[in-house]
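Taken in order, these protein sequences are the chains called A and B.
By the count of the working numbering, the first sequence reaches residue 440 at its end, each step adding exactly one.
By the count of the working numbering, the second sequence reaches residue 670 at its end, each step adding exactly one.
Some hints could be false.
What the hints assert, rightly or not - List of simulated lysine to aspartate or glutamate pairs, EDC-like, C-alpha gap at most 20 Å:
(1) B:K283 <-> B:E447
(2) B:K662 <-> A:D290
(3) A:K357 <-> B:E245
(4) B:K665 <-> A:D277
(5) A:K275 <-> A:D287
(6) B:K301 <-> B:D286
(7) B:K660 <-> A:D274
(8) B:K662 <-> A:D293
(9) B:K665 <-> A:E251
(10) B:K402 <-> B:E379
(11) A:K357 <-> B:E569
(12) B:K665 <-> A:D287
(13) B:K665 <-> A:D293
(14) B:K662 <-> A:D277
(15) B:K411 <-> B:D389
(16) B:K418 <-> B:D387
(17) B:K405 <-> B:E376
(18) A:K394 <-> A:E422
(19) A:K333 <-> B:E245
(20) B:K402 <-> B:E627
To be clear, the hints were calculated from the coordinates, so they are not data collected in a lab.
Small disclaimer: the values here were computed from a predicted structure and weren't measured.
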Amino acid sequence: MKNVIEAKGLKKIYKMSKTNIVHALNGVDLNVEEGEFTAIIGPSGSGKSTLMHIFGLLDKPDEGTLIIDGIDMSDLKDKEAYKLRAKKIGFVFQGFNLIPALSALENIMLAGKYGGMKMSERKQRAIELLKLVGLESRMNHKPNELSGGQQQRVAIARALMNKPAIILADEPTGELDTKTSLEIIELMKKLNREDKQTFLLVTHNMEVAKDCNKIVEMRDGKRVS
Amino acid sequence: MYTHNMLEILRNLWRRKFRTLLTIFGIAIGIFAFTVMGSMALKLNKMIDGGKKYITGQITIAPKGTDFMMGQMGAMLPVDTLNKIDKVEGVEAVTGGIEMSLDEPNPDDPASMSFGIPATIEGMDLKTDFKNRNWETMEMKEGRMIKEGDPDDVIAIGSTIALDKKWKLDDKVKIRGREFKVIGILDKTMSGPDSYVFMSLDSTRELYVESNPFLKSLKEQQAQAASISVRELASLPKATRDQIMQAKAFKMEDLSTMGSVSWKDGVNSEDVANRIKDQFKDEVIVLSPKKMGEEIDKASAMMNAVILGGALLALLVGSFSVINTMIMSISERTREIGIKKSLGASNRSIALEYALEAGVIGTLGGLLGIGIGVLLIVVFNNKMAETGAEIFLLDFTFLLQVLIFSFVLGIVAGIMPAIKAAKMKVIKAIREM
Ligand SMILES: Nc1ncnc2c1ncn2[C@@H]1O[C@H](COP(=O)(O)OP(=O)(O)O)[C@@H](O)[C@H]1O
Ligand SMILES: [Mg+2]
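Same shape as in the complex, but just chain B:
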């Protein structure tokens, strides 16, 4: 293996400053695109991963007819069903919960109905032994998640909520007429949790009852009905008696619009989800973690395609300019190659030297491209940080990989011209002198 005079390579590049610079720019443009797109994809992938953790950490049950995307929430999930699901093989725990829209519907302002995932209150049963498997790993941007023992009036919010409502940490905010304190804001996940307000289940139930005239009156009747003794009840007409019986049976704790199911350790969550699906297909819809995970993976695959596309673009733009420059350099340096060969340089040595020169050009272009990319990313991220929507992730390992990539790109593009140089007939080179 020959050690090549790096100084000679740098001097050769310096002697042709203008052309070298042009080539470096050519590569830098490609590498710049690669850096920026890659950093964006890394960020998106990370966000998506956060959402995936939440979604795949539990089996979610909703009453038949629920359309998650359109936000048609509100149908009730009977407590009986939840209790029965609890008995299904492999199920560890089931908890009821309430999902309801954050804002009171405003029929006068249809614009308030937005596309995508609507702002949702997620009632969390903090006392249950049910655990979303990846719950603790949800990343918080600020503050913390609500937990058992917290007062009823604290909430944690998703990043989209924080952005849209301009709610900040420690803010006192009004939701459906009640005041809550924001104690945590989640990292962006590019999925459901971004539009969630995490609230204690008790508070959510109260808001839910408030929003539903039927339940509201039932609750009011219940207080009165409780004071009616069995003997008094027996003396009432049947219709009235039924109504009071219904009011007496009403329990706030039984109110659920959705259920979360966790599975026992070592059990395949997909099997559990399928079992629930089979047994309760007329009553509920089941969102299985694996299916949801696969959907999300499809989205990440898209992101990775973006990275790959960026890399290919960089490869194309960069290598053409390297190949062009190297061919020019080599035809200019025919004489030099002839001299070196007459001094006893092997073909290998000549080829290596030119490939290395191309590699140096690649690396310089890479450094420039990465430099400009990082600069842009930092500026953008700082700007976006104010709105809480940074879209780039600066990852040192990735940047290093890009730099190595640009070196390899230079070498690869330089190989053909380098071999051409090495194979040059010395006589021809010398006779041209």
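So that you can see chain A by itself, here it is in the shape it has in the complex:
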């Protein structure tokens, strides 16, 4: 199987002051195979988000190598990063994921714009994706007219827009109630099963992590399993 992510010896240091240095990542190796659903668990402050940001090309490691979808990111320039990000990566964050001024449909279409999709194509694909997440009847609603669960569904649809190599979901259910959380996770699992969409999910919930292909546990900037 092909690796979507190959990370070796990733280190990230935050220098708060001369004496206060935070080793957010302290040598992390991680491979994510294509079509896999991987869960990352670990206590708060263990470096999960930092890792996700580096995988999402939003941040750079101080040490280590990173290959995404066969492309070495070691000496990636900022100017190339945003293009790769648009095409290869889909993000789902904890909450308030959507642009308030835009409708559900427009939020999804926006990703297509940055991904270089044609205008005519954008709308068609966005409507398809809204159907896929079961929100076609809400496509003209603004984020504040949608429930938290519905907002995250739109965010997932948007992450799928450019057919990314991987979707990075950093505690996407952190602000949702248990029932809604499970619905959202189930949606992602379904996308993984049926469309072979690769997912990397950060979660607190062991229930959620249990039936994933792989579970990665982090502690103090290191993998412990």
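Assemble the complex: chain A is given as a structure, and chain B with the ligands must be docked to it using the hints.
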């Protein structure tokens, strides 16, 4: 190049109606001032241009001692001198003319002596081949200029005369005891011609002779003297004979208080003026077109400084409110910028989006400011039209330029905040979520 969702921009502005409105007002005030001052300057420039055309269309000659500003007119310009000036190199034609004050001096009412250019009768030789170079281009507000073949009792008047005397087109008016008909009123020029009554030279000469006791008696004597034969003359005593000879020699056509000189095509008018100045410096003063033109240009430069000042004011007031608003918007929308960047938006795209938003604010402010400005101008112009002194010129091209200016102003003011937004670290934006 990214095409930005104009709808998103408008919605973002709409979501913050109150603040957007305040910003728009800020710009509108500046643009309003710009519109109004600019339209006024345009009008003044146009007026001045009219006066300049007249003044620079000829070389004007006056007898030594004439003070144009104080209106000390009346000294005579000898016909001999005019004939000699005609021979100067480069001169095409010379014509004598009479300039005299419109009103009879009233020693009991010193208040009638006003500052500035006094109301003046400008005697025009309509039969001469002399042409003021820009004569035909003088703009008339109503009616037309007097021309060859007109009866002796028609006049055209400057705008100040029309205003002060309340003379209207087709009015029959009395000047120094004689009746004239107004057949034309000139556009305001902010200069000499505003205070002129343009009259045929013949009529002016008659009024001039009437006003001067010496000339009056000379003219009366001339009629008698003409009937005295040469033989009779020889028998008279010398003193009487001289007096009669003088009366006989008197010719109405030779009476001039000023001269107008035109120059040949292709000749530098300044050279001609200087030549006349050199040769006749003891007899006449010469007003050269170029010097006069330069004086006028200085005045226009002032007007243009007013426009520029207005623009700068608008720029200052407007851009501060735009910068302030954009900085606020951007700090509020940190999250949004983070999301967009995580979706793959380039720095350029983010910067453009915010700059464009500022440009839209600028344009809306511009539209409002121009709207209020135009409204005020129309109201004022209508009010002033009754007195014939409109002070604003509504020029579509200018208004369009102001609108473009307000758009650019928005963009320019928005650039710094927009770049700040674009450079924002995504992680920081996302961690704040
Ligand atoms: N911008 C930053 N400046 C300083 N320290 C940071 C910054 N971002 C993260 N950290 C620190 O790095 C460590 C890992 O953080 P994070 O990756 O967010 O952990 P998690 O997502 O697992 O809770 C934490 O100790 C956190 O305080
Ligand atoms: Mg985290």
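Hints versus structure:
| no. | hint | in the structure |
| --- | --- | --- |
| 1 | B:K283 <-> B:E447 | 38 Å, violated |
| 2 | B:K662 <-> A:D290 | 19 Å, holds |
| 3 | A:K357 <-> B:E245 | 12 Å, holds |
| 4 | B:K665 <-> A:D277 | 18 Å, holds |
| 5 | A:K275 <-> A:D287 | 13 Å, holds |
| 6 | B:K301 <-> B:D286 | 28 Å, violated |
| 7 | B:K660 <-> A:D274 | 14 Å, holds |
| 8 | B:K662 <-> A:D293 | 12 Å, holds |
| 9 | B:K665 <-> A:E251 | 29 Å, violated |
| 10 | B:K402 <-> B:E379 | 16 Å, holds |
| 11 | A:K357 <-> B:E569 | 18 Å, holds |
| 12 | B:K665 <-> A:D287 | 25 Å, violated |
| 13 | B:K665 <-> A:D293 | 16 Å, holds |
| 14 | B:K662 <-> A:D277 | 17 Å, holds |
| 15 | B:K411 <-> B:D389 | 14 Å, holds |
| 16 | B:K418 <-> B:D387 | 11 Å, holds |
| 17 | B:K405 <-> B:E376 | 17 Å, holds |
| 18 | A:K394 <-> A:E422 | 12 Å, holds |
| 19 | A:K333 <-> B:E245 | 19 Å, holds |
| 20 | B:K402 <-> B:E627 | 18 Å, holds |
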